[in-house]
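**Q** In order, the protein sequences belong to chains A and L.
Okay, so the first sequence: first residue is 1 according to the numbering used here, each after it adds one.
Okay, so the second sequence: first residue is 1 according to the numbering used here, each after it adds one.
In case anyone wonders, no lab produced these hints; they're calculated from the structure.
Keep in mind the model is a prediction, meaning the values are calculated, not measured.
All the pointers check out, no bait thrown in.
The calculated label-pair distances, taken between Cβ atoms and stated as ranges, are:
| # | chain 1 | residue 1 | chain 2 | residue 2 | range |
| --- | --- | --- | --- | --- | --- |
| 1 | A | A174 | L | E218 | 42 to 48 Å |
| 2 | A | A174 | L | G245 | 37 to 43 Å |
| 3 | L | S177 | A | D182 | 53 to 59 Å |
| 4 | A | P126 | L | D319 | 38 to 44 Å |
| 5 | L | D63 | A | R155 | 49 to 55 Å |
Beyond 12 Å from chain A on every Cβ pair, some chain L residues (computed):
| # | residue |
| --- | --- |
| 6 | A2 |
| 7 | D63 |
| 8 | A119 |
| 9 | D208 |
Think of the CB as a built atom: it goes at the ideal place given N, C-alpha and C, for glycine as much as any other residue.
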Amino acid sequence: MATRVERILKAARAKGQKTLSEYESKRVLAAYGVPISREVLVSSQSEAKAAAKKVKYPVVLKGCSADEAHKTEKGLIAVNLASQSALVDAFKTISKRAGKNYDGAFLVQEMVSGSREIMIGMHRDPSFGPAVMFGLGGIFTEILQDVTFRVAPLRKKDARDMLRSIRGHKILEAVRGMPAADLDILCHALMAVGQVALDHPEIEEIDINPLIIRGSKAVAVDALIVLADPEADGASS
Amino acid sequence: MADVMEKFFAPKSVCVIGASSTAGKPGNVVVKNMRDAGYKGKVYLVNPRGGEIEGYKVYKSIDELPDNIDQAVVTLPASLAPETVRALGAKGTKAIVLAASGFSEVDHAGEALQDELIAAIRESGARVLGPNTTGHVSTSSSYTSSFFPLGDIPRGSVSYITQTGNFCGISLRHIMSAENFGIARSCGLGNKADLDECDLLEYYGSDDETKSIFMYLESIKNPKRFLRVARRVSQKKPVFLLKGGASDAGAAAAVAHTGSLAADGRVVDGAIEQAGVTRLRKYSHLFQVAKALDTQSLPRGNRVSFLSPSGAFTVCLTDICRSLDLEVPDLEDKTCKRLQEYAPPFIRMRNPVDIFGSVGLVGYEKAYGDALDAVLADRNIDAVVVIMMLTTETGVPKMDFIVDLSKKYPNKPVYVTFMGEHKHNVAAKEYLEPKGVPCYMLVEEPFEVLSLLASCRKNMPVR
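Let the hints inform the model, and build the full structure from the sequences given.
**A** Structure below.
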């Protein structure tokens with residue numbers, strides 16, 4: 001596991017990347033047991049079509065490169081593509097928006113449905129070191145800022161406390177016909193993110209946003225890993 | 001480490017470097033304070049002029065002192081601190097309190113001086129409290145190094161670690177004159193050039209005199225160690241923290257959202273939570289919560305009953321309990337039946353207990369006394385607040401029944417608050433508190449205290 005992650009990080013640094021692409025970020029997180037969406041990285045329209053058959057419609061198509069941290073703002077995401085023709089249209093649109101010089105790839109992803117979005121993150125605090133964040137995800141992350149932090153390494157109890165200590169913690173309960181979220185999966189993901197940070201000081205920040213709760217199980221639908229500036233005087237450990 | 005902390009908190013001998021004969025000067029007040037506190041150890045004074053101060057012989061220099069004096073209190077100006085620390089270290093003194101200000105808290109020159117001081121401390125082999133500290137207090141040794149006039153400090157089980165001199169100064173005077181509880185240790189950290197909150201917290205954690213710990217901190221010198229030490233100590237003793245000042249951490253050039261959300265002290269908030277430390281938000285809680293723990297136990301949970309002479313209180317204090325995460329649960333049937341015996345039939349007795357009718361029927365002491373006994377015996381209740389109605393016309397009962405009942409149920413805290421005539425309220429507080437029943441002048445206060453104690457209880461392992 002460690003070697004697979006190290007390979008990804010090493011390759012990214014060799015290319016001078018400041019961030020990992022969504023695909024790379026998710027490989028790192030998945031290696032630590034964070035559940036991620038099913039997806040295939042492609043570089044052409046024909047590969048996209050083949051991938052969509054494998055992933056099964058409806059699918060999501062995204063631009064995927066190390067430079068595109070904020071895909072939504074740039075319109076590099078098309079969701080809920082139910083057919084091959086929709087996929088082909090989306091592929092054309094996204095390619096055009098990405099521009100002529102775009103050298104990134106594309107991600108064909110399963111459409112994860114669920115109306116509850118949450119977020120897990122990691123920030124290196126200058127005093128306490130890596131701190132794991134949990135909170136409401138999607139558009140509510142910035143609007144409500146309903147988040148809580150704990151310092152890594154997290155014990156199971158810390159992770160449990162985090163899930164309870166946001167204002168909107170009831171989102172994880174059985175609400176409006178939806179089952180209660182599987183808290184063990186979330187606790188494990190929180191602890192895993194802390195461990196990623198402890199194992200890899202070259203990782204500066206992590207955003208997993210959103211994790212969508214499908215049924216009762218959270219799935220990471222988007223993720224971003226930010227690398228420490230190699231010029232800077234060492235990431236705070 | 002424990003050995004040197006003993007030299008701070010139980011010194012057998014102490015020297016005051018910069019002792020003064022001028023009343024009001026720190027070098028004079030500190031000597032008077034030691035005497036007024038009843039310190040029994042040997043006291044040596046140093047001043048180049050020699051002679052006698054406050055009845056003690058004065059040595060002209062540190063060199064003239066005997067070797068291995070346990071502790072030194074230095075009231076000299078800042079610029080003399082490094083050489084004084086070196087000289088004391090050479091004489092075998094291991095514990096030094098540096099009162100002077102004028103270091104890193106002031107300017108760049110002060111920062112440089114503090115760096116020089118830190119180097120001197122390392123060379124000396126001594127541990128240093130301060131600089132820029134009012135000093136510390138240790139009642140089991142009847143000892144203080146404070147230069148704020150204190151007098152005889154009552155001994156108790158509460159200990160303070162504060163990034164202010166107030167708890168060896170004005171706030172301690174408030175405690176001594178208005179709150180009637182005792183303390184075990186108090187320590188003003190000053191600039192933390194050497195000893196910091198972790199050292200003190202670790203010592204208090206293993207200190208038999210200390211039953212509960214209260215901290216006021218504006219910064220945490222070694223955050224990771226703090227988390228480790230606090231986590232351990234808070235499993236054994238109640239630990240509370242008022243954190244002053246917003247954190248400047250986080251919010252750097254954040255590429256990811258998490259970084260920008262790490263502003264506003266959110267990481268510190270999480271770390272304190274993780275450490276099992278109960279967060280205080282009000283300065284006055286540093287003594288109001290402390291008072292509750294000095295003489296009474298930590299409640300087992302958040303289930304509260306209260307005796308009220310007013311219907312309005314039963315309603316609005318129940319609302320307040322709800323907002324404070326306190327439960328006001330139903331009483332056991334047998335408790336309700338017992339309460340009903342002294343009550344007029346038109347009042348249905350339940351929790352909270354409306355005591356007014358019973359007072360009219362059977363008198364103050366019988367009504368309050370029997371009801372307090374009943375709710376304390378109730379298995380659904382963890383703590384009881386008694387709201388006294390005291391006026392000259394309606395009568396002022398003897399308060400001993402409250403003291404007796406409080407002792408009868410040692411695992412269930414009883415606090416008293418008042419509504420009525422101020423002079424009687426004050427007199428009742430002055431009577432009850434020295435007998436171990438904490439009193440609060442405003443009706444919301446005991447509930448705020450219980451709420452904080454209940455959340456502290458949740459952090460501790462079930463016993």
